[in-house]
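The listed protein sequences correspond, in order, to chains A and B.
Letter by letter, the first sequence follows residues 189 to 666 of my numbering.
Letter by letter, the second sequence follows residues 879 to 1106 of my numbering.
Treat the hints with caution; some may be incorrect.
[To be verified] Listed below are the simulated DSS-like cross-link pairs for lysine-lysine, each with C-alpha atoms no more than 30 Å apart in a straight line: (1) A/370 <-> A/402; (2) B/1068 <-> B/987; (3) B/1002 <-> A/588; (4) B/987 <-> A/474; (5) B/1068 <-> B/1002; (6) A/259 <-> A/370; (7) A/407 <-> A/238; (8) A/407 <-> A/259; (9) B/1068 <-> A/606.
[To be verified] Some chain A residues flagged as far from chain B (calculated, every beta-carbon gap over 10 Å): (10) 209; (11) 308; (12) 414; (13) 484; (14) 582; (15) 597; (16) 598.
Worth flagging that the hints you see were computed from the coordinates, not collected in a lab.
In this text, a Cβ means the ideal position worked out from N, Cα and C, and glycines have one as well.
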Amino acid sequence: MLWLCISLPLLPLEALRTDIGDAATVVTATERSARWVICCNPAAERAYLKPAMNYTVALAVCPQVIPIDRKPQAEQAALERLAAWAYQFSSSVILNEISADLRQARSAALWLEIGASLKLFGGLRNLLEDLEQQLISMQYSYRLGIGPTLEGAALLARAGIRIATTTPHALYLRIRSLPISKLTLDPDTTLQLHTAGVRTVGLLLELPRDAVAKRFGPKTANLLYRLMGEAADPRSAYRLPDRYAAQFDFGFDISSTETLLFPLSRMLREFAGYLRARDTAVQRFKLVFSHRQQPPTELLIGMSLAERNAERFLTLVRERLERTELPAPTCMLELSATEFSSPTALQPDLLKSELEHTEDLTHTIDRIAARLGEDQVHGLQAVADHRPEASWSTAQFNSKQSAAVFPDRPLWLLPEPKPLQMTATPRIVSGPERIESGWWDSGEVQRDYFVVNAGDGSQWWVFQDLRDRNWYLHGFWS
Amino acid sequence: MTRTVTLEQLARLCRTGSESLRAPDVEISGSPALDAALPGGGWLVGSMVEMMPNTMGIGELQLLMPTLARISQGERYVAFISPPLIPFPPALSQQGLRLSHLLVIRAEKPADVLWACEQTLRCKSFGAVVSWPTTIKDREVRRLQLAAEAGRSIGFLYRPIDAALEASPAATRLRLLSTQDGSLRVEILKCRGGRAGVTVDCTRLRDSVGLSDTSSTATHSAVLAACS
Chain A
189 MLWLCISLPL
199 LPLEALRTDI
209 GDAATVVTAT
219 ERSARWVICC
229 NPAAERAYLK
239 PAMNYTVALA
249 VCPQVIPIDR
259 KPQAEQAALE
269 RLAAWAYQFS
279 SSVILNEISA
289 DLRQARSAAL
299 WLEIGASLKL
309 FGGLRNLLED
319 LEQQLISMQY
329 SYRLGIGPTL
339 EGAALLARAG
349 IRIATTTPHA
359 LYLRIRSLPI
369 SKLTLDPDTT
379 LQLHTAGVRT
389 VGLLLELPRD
399 AVAKRFGPKT
409 ANLLYRLMGE
419 AADPRSAYRL
429 PDRYAAQFDF
439 GFDISSTETL
449 LFPLSRMLRE
459 FAGYLRARDT
469 AVQRFKLVFS
479 HRQQPPTELL
489 IGMSLAERNA
499 ERFLTLVRER
509 LERTELPAPT
519 CMLELSATEF
529 SSPTALQPDL
539 LKSELEHTED
549 LTHTIDRIAA
559 RLGEDQVHGL
569 QAVADHRPEA
579 SWSTAQFNSK
589 QSAAVFPDRP
599 LWLLPEPKPL
609 QMTATPRIVS
619 GPERIESGWW
629 DSGEVQRDYF
639 VVNAGDGSQW
649 WVFQDLRDRN
659 WYLHGFWS
Chain B
879 MTRTVTLEQL
889 ARLCRTGSES
899 LRAPDVEISG
909 SPALDAALPG
919 GGWLVGSMVE
929 MMPNTMGIGE
939 LQLLMPTLAR
949 ISQGERYVAF
959 ISPPLIPFPP
969 ALSQQGLRLS
979 HLLVIRAEKP
989 ADVLWACEQT
999 LRCKSFGAVV
1009 SWPTTIKDRE
1019 VRRLQLAAEA
1029 GRSIGFLYRP
1039 IDAALEASPA
1049 ATRLRLLSTQ
1059 DGSLRVEILK
1069 CRGGRAGVTV
1079 DCTRLRDSVG
1089 LSDTSSTATH
1099 SAVLAACS
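This is chain A alone, in the form it adopts within the complex:
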């Protein structure tokens, strides 16, 4: 087993913001009637703010600091979205529970078993490159650690040691000089160890385990066993859901469409990761924008080909958003998809150019349909019916056409016949062509059609209704 641990030290902040910002921002939580800083963005750290600082102290140090309340549910949701995304790299993904304990708030992490995936991805370097590139594009701050045990990988990630270790001995060599504060022991035990002179992980590991258990509690010994792979570390693996449903609760209102694109971009990338993990694609997914006062806005994004490309999703969503008026600022986003189909045109083909051609075409049409509305973009078809108004219909683009044979017809048809006032006999070019049809449905017609020359040189298609003898204009012979 080779575990890759992705540690997300800024998750309390990043679960609520996609842009960690230039202004000093901290995430705070209240415990025992005091408000504590649990997570700082880089700007806050530059202002000498630290996690575990009392918020009153933080305010004194940096009066212009922006506080955000911690939302463990949002962190859990973000971690689950990431787990679904990470499934593309490994078939066993483990995520640690988001703990309500403030001291554990920065230890959000997920583990991927990558030993079995290395060959598929062409080696560790390629796998990491791919993974890191995606994490960066989703705007998460992360640290990676690779080790033979879960705790070992997590410890390396927390300590920022990026060298992969594959055996417990190699792990021991890497971690022995680390301070024991890097272990996830409770603070009292850490203090006890310090007073006993045990300052580094190496020193602690050299002590007999049963003595450690006696003096510092079985929990400590158990952690050491699990760290070195001497005891089993059973955890429940993350299971990929059959349907995708993700939510992003930012905890504040976003009113501009441009700003909404940042969380959307992250969500769509995570979604694309999920689709890759399942080796599937979608033709349709739903976005729900929640507002505080108004009922939520739903957008259904459809594509003509099954897709799993995040950039493409984003282009379509952007087009739709530009056209959609949201009634109120958005405070939460939801993305869901229930129907999946196998991806179209993903394998490079012998007929590659033709493939690109159709892809290019469908993407253009999808983009136009997303902006103008799906019913504004269509094909046409001829229908075998004698009545002109019934002899055509809109059709799905690129659909199969029935071969119907018609007599000579004008290129332009009026949506409705227009009544004409005949002041003189028109110059008839051809006609009459009698059309009597449609008695079986309500649209019965009895007409004599003529092609006539109008005075200005244009040719009109007119008919006389045989029932009331009135003349109508029905088309132009363009």
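Chain A is fixed; fit chain B onto it per the hints.
Frame of chain A; chain B shown alone:
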């Protein structure tokens, strides 16, 4: 010999601004008289063509039908953007247009029409884009011209006849008028790489088809008034 070649090259340089001897890609219009008048012998691929008919129904769409039919029979597609009426499918297929290769886009706002034109022109899958914008500025025509160059397609733009008085960056500009005998007169107001000011009379296809029985033609000139 070398002198004539040099002269020809110089003439081409003056006309097109490029020295290459390669003839530009064209789609023939299907009307021999018009092809002869247009540089290269047809519609220039990768350019905008402005058509300014004096009224509807004089054969302004008919003029394009041979070209559109040929494009749609091939691999590429044809787009109609905001046509003013219904392009009648029975007639279109009669004229040889493959309906499965025709896309109709209905946009209402001028900005949307323009955007849809640009998107389709840029897309390499569309061989021809025919559009009927309500208003368009010359700066916007230039954008479409660039899009057509990028997508190597032909953009046909129908504009009101008054637009003939304004300048436009379109490569080809045609004023369409009907003559007394019902044929279509094409006045070439501008064409890149060719001579402007040429007038071509195109016979209307439906007259040459000969479906009409001219015996019934009345001598009166028609006075028709449409009342809404």
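Compare the distance between the alpha carbons of residue 407 of chain A and residue 238 of chain A with 30 Å, and conclude whether the hinted pair is satisfied.
28 Å, holds
Beyond 10 Å from each Cβ of chain B, as asserted for residue 308 of chain A:
34 Å, holds
Is the claim that residue 414 of chain A lies outside the interface with chain B correct, judged by CB distances over 10 Å?
57 Å, holds
Can you confirm whether the C-alpha distance between residue 407 of chain A and residue 259 of chain A stays at or below 30 Å?
Judged against 30 Å, a Cα distance of about 28 Å means the pair holds.
Pair hint outcome, residue 1002 of chain B versus residue 588 of chain A [Cα-Cα no greater than 30 Å]
22 Å, holds
Is residue 987 of chain B close enough to residue 474 of chain A, meaning Cα to Cα at most 30 Å?
Holds: residue 987 of chain B and residue 474 of chain A sit about 27 Å apart, inside 30 Å.
Checking a non-interface call: every C-beta of chain B should be farther than 10 Å from the C-beta of residue 597 of chain A. Is that right?
4 Å, violated
Quick one, are residue 1068 of chain B and residue 1002 of chain B close enough, alpha carbons at most 30 Å?
Between residue 1068 of chain B and residue 1002 of chain B the Cα gap is close to 26 Å, so the pair holds against 30 Å.
For residue 598 of chain A, is the shortest beta carbon distance to chain B beyond 10 Å?
Given a closest Cβ separation of 6 Å, the condition is violated.
Are residue 1068 of chain B and residue 987 of chain B close enough, with their CA atoms no more than 30 Å apart?
29 Å, holds
Is it true that the CA of residue 370 of chain A sits at most 30 Å from the CA of residue 402 of chain A?
The given pair, whose Cα atoms are some 22 Å apart, holds under the 30 Å limit.
Evaluate the condition: distance from the CB of residue 209 of chain A to the nearest CB of chain B exceeds 10 Å.
With a cut-off of 10 Å, residue 209 of chain A remains clear of chain B, as the shortest Cβ separation is near 33 Å.
In this structure, the hints that do not hold are numbers 9, 14, 15 and 16, in rising order.
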